[in-house]
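Undergrad: Could you fit the two chains together into a complex? Lean on the hints.
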Amino acid sequence: MFSKDRWKEILEVMSSNLLRTIATAFGVFWGISILIILLSAGKGLENGIRQDFGDIATNTMFMWTRATTKAHEGLPKGRRFNFKIEDVQSINDNVPNLRFISPRNQLGGFNGGNNVVKGLNAGAYNVYGDYPEIINQDPMTITSGRFLNHNDINEKRKIAIIGQGVKSELYDKEEEVLGTYIKIQGVNFLVVGTYKKKSNDGDGEEGQKEIFVPFTSFSQAFNMGNNVGWMAITAHDGTSITSVKEKIVNIVKQNRKVHPDDTRAVGYFDLYEQFNRVESLFGALTFIAYFVGVLVLLSGIIGVSNIMLIVVKERTKEIGIRRALGESPRSIKLQIIMESIFLTIISGMTGIIFGALFIYGVNALLDSVGPVDMFLNPSVSLGVVLSALLILIISGLLAGFIPANSAIKVKPIEALRAE
Amino acid sequence: MIEIKNLHKSYKMGSNSLHVLKGIDFSVEEGELVAIMGSSGSGKSTLLNILGMLDELDEGSYDLDGVPIKNLNETKAANYRNKFLGFVFQSFNLINYKNAMENVALPLYYQKMVRKERQEKALKYLDQVGLKEWATHLPSELSGGQKQRVAIARAMVGEPKVLLADEPTGALDSKTSYEVMDLIQKINDKGNTILIVTHESDIADMCKRIVHLKDGVILEDKKVEQVRASEYV
Chain A
1 MFSKDRWKEI LEVMSSNLLR TIATAFGVFW GISILIILLS AGKGLENGIR
51 QDFGDIATNT MFMWTRATTK AHEGLPKGRR FNFKIEDVQS INDNVPNLRF
101 ISPRNQLGGF NGGNNVVKGL NAGAYNVYGD YPEIINQDPM TITSGRFLNH
151 NDINEKRKIA IIGQGVKSEL YDKEEEVLGT YIKIQGVNFL VVGTYKKKSN
201 DGDGEEGQKE IFVPFTSFSQ AFNMGNNVGW MAITAHDGTS ITSVKEKIVN
251 IVKQNRKVHP DDTRAVGYFD LYEQFNRVES LFGALTFIAY FVGVLVLLSG
301 IIGVSNIMLI VVKERTKEIG IRRALGESPR SIKLQIIMES IFLTIISGMT
351 GIIFGALFIY GVNALLDSVG PVDMFLNPSV SLGVVLSALL ILIISGLLAG
401 FIPANSAIKV KPIEALRAE
Chain B
1 MIEIKNLHKS YKMGSNSLHV LKGIDFSVEE GELVAIMGSS GSGKSTLLNI
51 LGMLDELDEG SYDLDGVPIK NLNETKAANY RNKFLGFVFQ SFNLINYKNA
101 MENVALPLYY QKMVRKERQE KALKYLDQVG LKEWATHLPS ELSGGQKQRV
151 AIARAMVGEP KVLLADEPTG ALDSKTSYEV MDLIQKINDK GNTILIVTHE
201 SDIADMCKRI VHLKDGVILE DKKVEQVRAS EYV
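Keeping their order, the protein sequence lines are chains A and B. If you're matching positions, the first sequence starts at 1 in my numbering and goes up one per residue. If you're matching positions, the second sequence starts at 1 in my numbering and goes up one per residue.
Same shape as in the complex, but just chain B (with noise of 0.2 Å):
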C-alpha cells in the first residue's frame, strides 16, 4: 500500500540547515495498523506529513498504492489527499462554525458529491462512531473524545486508502483515548490500513506494528501482539 525508498528531508533555518529524516525505507501493507513512535524531534510528524502529501520529499521516493507521489502541484495534491487520504489530528482540526455532520460531509463536497447523498453518508459514519445524535450539534457543544470520533467519522468517509492519525490520543484522557482507540481497531478489523504516530506507548501497543523513529532512522520496526483497547474500556 504505502512504498518508501530512501527518503530523505531537509528544513532550511536561515543559514543552516535541519536534516530531519536521513534515509528511511518503509514499507505497509493493506489492512496494516502501524505505530509510529519517536521522542518529539525524532522526525514522526514530518514522517506523517510527506505520507499526507501536506510536505514535500527532498530525495527518495513514495508510491502510494502503486501511484508515484511526485512533483505534484497544489491542485493535485488536494485532489489525492481528498480521495486517498483520511486525516486525524491531535488538536482535532474541526471547523467550528460547521455542525457535527457538514464536517463530516466536508470531504464529499470537495468530491462533488451532491447535497442529500452527502448528508446520507456523513449520518452513516457518524452512526458508525455513535454520534448520530449529535449531528447537528456544533463542535463547541462536544467533549473531547466525541469531536475525536467526529474526526475519524471525517477522514473515513471519503473511504480512503489510508487512514493517518497525528497523535489522535495526545489531547485525550486515558479513558476517551482507549474508546478512540478502540473505534480505531474495529476500523482496522474491517480492513482499512492504518498509521498512528504516538509517543505514548500503551497507545502504541494497541496496534499490530511500531516503527520506532529516532534521529531521523528507523530504530526498530517489529510486529506485536495486539492489546484490544476493549478491555480497557
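Isolated chain A, as found in the complex (with noise of 0.2 Å):
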C-alpha cells in the first residue's frame, strides 16, 4: 500500500496552501487537545480522590453493636450487647473468602476527658485494643520500633504503640521515646513503637492521636472480658464485601440472639459500597470528558472536511487530466482519503503532543506549589492515546469520505472544462 508517489503527492497538496492547511489542521488539533486535557484532568481528580483513600484497604466493612429494637427468645427490646470473640471464628467459619477480621475494642473517644498519663504530661486519646492485621486495613507507617504482633496477642503483653500527635504532646522534643511508660487509665503500657498515618484532610490529626496496644492485654487490663465492640472485617479481592456483609451480620444476630428482623441493632458501614459510587463518579466524568472531547473534535473534523471538498472543487480540472490520463477512480477517491486523514492524523498527533506537554506543565507546576486537595498526577495512559488515534483515522476516513466521492463523480470531460 505505501507509495513513495503518493506520499510525495499528499505532502505537495498539503504544502501548498500551507496557512490553509495549518487552519484546518487547528480545529482537529485544538478537539484532540481539549480531548487529551479533559481526560488527564479527570485522572488527576481520580488520583486525588484515591489518594484520600489512602492505602486503605477499600474492600472492607466496619461493624458495631446498637440497642436491640426488637424482643426476641425472651430477651426484651432496646436491650445493649456487644459482640463476643467468639463472633470471630464463627464469621471466619462460615464465610469464605475473607482476608482479615478485626475484632477492636475502644477507649476514649469525642470529648472524652484526659485518659493518658506520662510523667506530669496527660491527654485524652483514643486508645484501641488491635490485632496486628488492623494495620493492613487501618494504615500507618510505623516511624519507630515496631507494631503490634501475635506474641503480644498471647501473651498480654502491656505494650503501646503511639501516634506522632502523641509522642509531641506527651513527650519532650528530644526525649527518648522507646522504652518508656505511659499511664492509660492508670495502667501501665511499655512504649514500644510510634506511628504516622497518612494524613487526608481535617481528620489528619485526630489519626495521629491514637494508641494501639494488644486487644487482649486491652480486654484484661480494662476488664472487656470477652467483649468486642468494632469489627473491621476485609474481604479478599474478587470477592465483594458487599456481597457477604448481609450474612455476616446474620451470623453475629444469631450468636447475639438478635432478632433476626431487627435491622437497627448491627451497625455497620461498607467502605467497598462507597469506593465503588465514587468509582461511578470516575466513570461518569471519563464518558462527559470524551463526550465533550470528541464532540469539539467532530467541529475539526466538519473542518476537515470541509476543506477537502473545497480542495476537490479547486482540483477538478487535474482530476479530469489524471482521469484522462488513466488513472482508475478508485485510486482517485484514496488519494483524497488519504489526504484527509493523514492531515487529521498530523494535525491530531499534534494536539496529542500539546496536550501532554500541557500535562507535564501542570504536573510541574504541582510539583513546585506542593499537592493540591482532590487533584493529583493528572496523566493520560498509552491505552487512551491509542484511542485517541483510533478516533482520529476513523474521523479523518469519515471526513474525507464525502469529498472523494464528490471527487469523481464529475466526469472527466466536465473536469475537462472546468477552469
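All clues given are correct.
Computed Cβ-Cβ distance ranges for the label pairs, DEER-style: (1) A/A23 with B/E29: 48 to 58 Å; (2) B/R115 with A/A23: 28 to 38 Å; (3) A/I393 with B/S140: 29 to 39 Å; (4) B/D63 with A/I393: 44 to 54 Å; (5) B/V114 with A/R50: 50 to 60 Å.
Note that these hints are calculated values from the structure, not bench results. In this text the structure is predicted, and so the values were computed from the model without any measurement. Don't be surprised by glycine CBs; every beta carbon is placed ideally from N, CA and C.
TA: If you want it as C-alpha cells, here you go:
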C-alpha cells in the first residue's frame, strides 16, 4: 500500500496552501488537545480522591453494635449488647474468602476526658485494643520501633504503639520514646513503637492521636471480658464485601440472639460500596471528557471535510486530467481519503503532543507549589492515546469520504472543461 | 484501427436536446495522420471526446483496434484510456505542481510501473521532444511550446495505439505551432496513428487526411498532400 509517489503528492498538496492547511489542522489539533486535557484532568481528580482513600483496604466493612429494637427469645427490646470474641471465629468458619477480621475495643473518643498520663503530661486519646492485622486495614507507617504482633496477643503484653500526635504532646522534643511507660487509665503500658498516618484532610490530626495496644491485654486491663466493640472485616480481592455483608451480620445476629428482622441492632459501614460510588463518578467523568472532547473534535473533523471539499473543487481540472490519462476512480478516491487521514492524524498527533506537554506543565506546577486537595498527577495512559489515535483515523476516513465521492462524481470531460 | 458506424450523440439542455452528431461513419487506418476540421459547434470536439472515451455515444458503434468500446464503467474506461490512448489538449493540461518528468511519467504510474523504470522512460520521451534538460522544471517555468511538447511526451509515453490532439496549436503562435506540428509529424513518421482536431487550415494541411465536419455530419473526407512543417521552422 505504501507508495512514495502517493505520499509525495499528499505532501505537495498539503504544502501548496500551507496557511489553509494549518488553519484546518488547528480544528482537529484543538479537539484532540481538549480531549486529552479533559481526560487527564479527570484522571488527576481520580488520583487525588484515590489518594485520600489512601492504602485503606477498600474492600472492607466496619461493624458495631447498637441497642436492639425487637424482643427475641425472651430478651427485651432496647437491650444493649456486645459482639463476643467467639463471633470472629464463627464468621471465619461460615463466610469464605475473608482476608482479615479485626476485632477492636476502644477507650476514649469524642469529648472524652484525659485518659493517658506520662509523667507530668496528660491527654485525651483514642486507645484501641487491636489485632496485628489492623495495620493492613487502617494503614500507618511505623516511624520507630515496631507494631503489634501475635506474641503480644498471646502473652497479653502491656505494650503500646503511639501516634506522632501523642508523642509530641506527652514527650519533650528530644526525649526518647521507646522503652518509656505511659499510664492508660491508671495501667502502665510500655511504648514499643511510634506511627504516622498519611494525613488526609481534616481527620489527619485526629488520626495521629491514637494509641494501639494488644487486644488481649486491653480486654484484661480494662475488664472487657470476651466483649468486642467493633470489627473491621476485609474480603479477598474478587469477592466484594458488599456481597457477603448480609451474611456476616446475620451470623452475629444469630450468635447474639438478636431478632433476624432487627435491622438497627447491628450497625455497619460498607467502605466498598462508598468506594464504588466514587468509582462510578470517575466513570461518569471519563464519559463526559470523551463526550465533550469528541464533540469538539467533531467540529474540527467537519472543518477538514469542508476544506477537502474545497480542495477537490479546486483540483477538479487536475482530477479530470488524471482521469483522462487513465487514473482509476478508486485511486483518486484513495488519494483524497489518504490526504484527509494524513491531515487529521498529523494535526491530531500534534494535539496529543500539545496535550501531553500541557499535562507535563501542570504536573511541574503541582510539584513546585505542593500538593493540591483532590488533585494529583493528571495523566493519560497509552490506552487513551491509542484510542484517540483510533478516533482520529476513523474521523479522517469520514472526513475524506464525502469529498472523495464528490471527486469521482464529476465526469472527466466536465472536469477537463473546468477552469 | 478506428471503426465508427452511425454515431449519434445529443446533449440534454433542460427541456430540449441538442443533436450534436448525426450519424457519423468514419474509420482510421493504422499510421494515418488525420485532421478533423470544422467551425465551432460542428461537433468535432464531441467526436474527439467520444473517440477518447471521455464521453459516451448514444447510438452507433465504436471499435478501437478490434475492441468494441461500449458500456464502459469509469474504471474500465480509465484503464482503456491509459492503455490505448494518448491525449494532447489545447491548454496543455499539465499538472502544475509536478515537474516535466513527473508529468510525463504520470500515465506510467497508473500502469503501476515501478518508479525507476518510469523515470527512465519519461526521460527518454522527454529527450525525444528535446526537453531532457528541462526535466526538473515545473510547467510554470516552461514556454507554451515547451509545455505542449511535454504534453506530447506524456501522451506518447504509454505507447498508445492512437494519439488524440484537441487543438494542439490553438494556444501557440504560428512559429511554435509549426514546431509542434513538426514533432507530431515525426511521431507519425514512426507509424503512430494520430487524430488532430483543429480549425486552422494550415495545420490541417500538415496532415495526410482532412475530415470536414459541419452540423454533426461529415461534409468532406479527403486525402491530401502533406505539407512538412519542417519547411517553416
